[in-house]
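With numbering that gives the first Met the number 0 applied, the sequence shown corresponds to residues 0 to 249, in that order.
By construction, these hints were calculated from the structure, which means they are not laboratory data.
Please read these numbers as outputs of a predicted model, since none were measured by experiment.
Hints are not guaranteed to be accurate.
Straight-line C-alpha distance at most 20 Å; calculated SDA-like pairs for lysine to any residue [stated by the list, open to error]:
id, residue 1, residue 2
1, K148, A203
2, K12, L246
3, K34, M22
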Amino acid sequence: MKIVSIRDIHIGKDIPKIIVPLMGKNTDQLLLEIKTIKQSSPDIVEWRADMLEEIEDIDTVKSTLSAIRNALFPTPLLFTFRSHREGGNKKITDSYYKQLLGEVVQTKETDLIDVELFSPHVNEIVEIAITHNVFIIMSNHDFEKTPVKEEIIWRLRRMQELGAHIPKIAVMPRSPIDVLTLLDATYTMNSLYADRPIITMSMAATGVISRISGQVFGSAATFGSGIEASAPGQIPASELRRMLEILNTN
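With the hints as constraints, model all of the structure from the sequences given.
The structure is reproduced here in structure tokens:
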């Protein structure tokens, strides 16, 4: 199993790492948010750039990214533009999505970048990220349902094939059985096919257990909320850390 190491954070080793999202709409809001988030000592911070009001102005994106990086360093930073089709805040064209991620990667102001599995430009974005030594979390989000186990595993394996350093999938449960499907797929993927860390979760209240059980089933990281959750079912980061430490200790 390959471990993804960013300074003193080692994803895929020991207790699952906690990722906390930044959800501010402008630089001032984001910097205030960072002050609060730092109190929970996140392992990684995710900037949900689709929340930025001026996301279609590349210069604003770059200056905001630089301000976030300076305020957070040395905490690892994950840049994410969540597309509207996968639950994000804004619609942009596929060509701008490619341009945005490509230019962000070239700034070298982020440690990791989220690349959606079903983006039509996934291969080009992966190539750019690898060229600039930025780690790739390749993701897929289904806010409608939980696919069958075989489909979940296929998507995670496909992410590996495409060059993701960390495959990630989030699904919506319609019943507790769907949560079991996600956990079963996670365990099977991690046991039989994964040669690198994976991140999986079942969303909403029904799926909360999946956010704290990574050490048992094989998910290497989990998302906890800061000021605002970025997906349904996120637990406040400080509470999440206590839960993970209890599970790890016992």
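Going down the list of hints, with the structure as the test:
For a cut-off of 20 Å, the pair hint linking K148 to A203 stands: about 19 Å separates their Cα positions. For a cut-off of 20 Å, the pair hint linking K12 to L246 stands: about 15 Å separates their Cα positions. For the hint linking K34 to M22, the alpha-carbon distance of about 13 Å falls within 20 Å, and the restraint holds.
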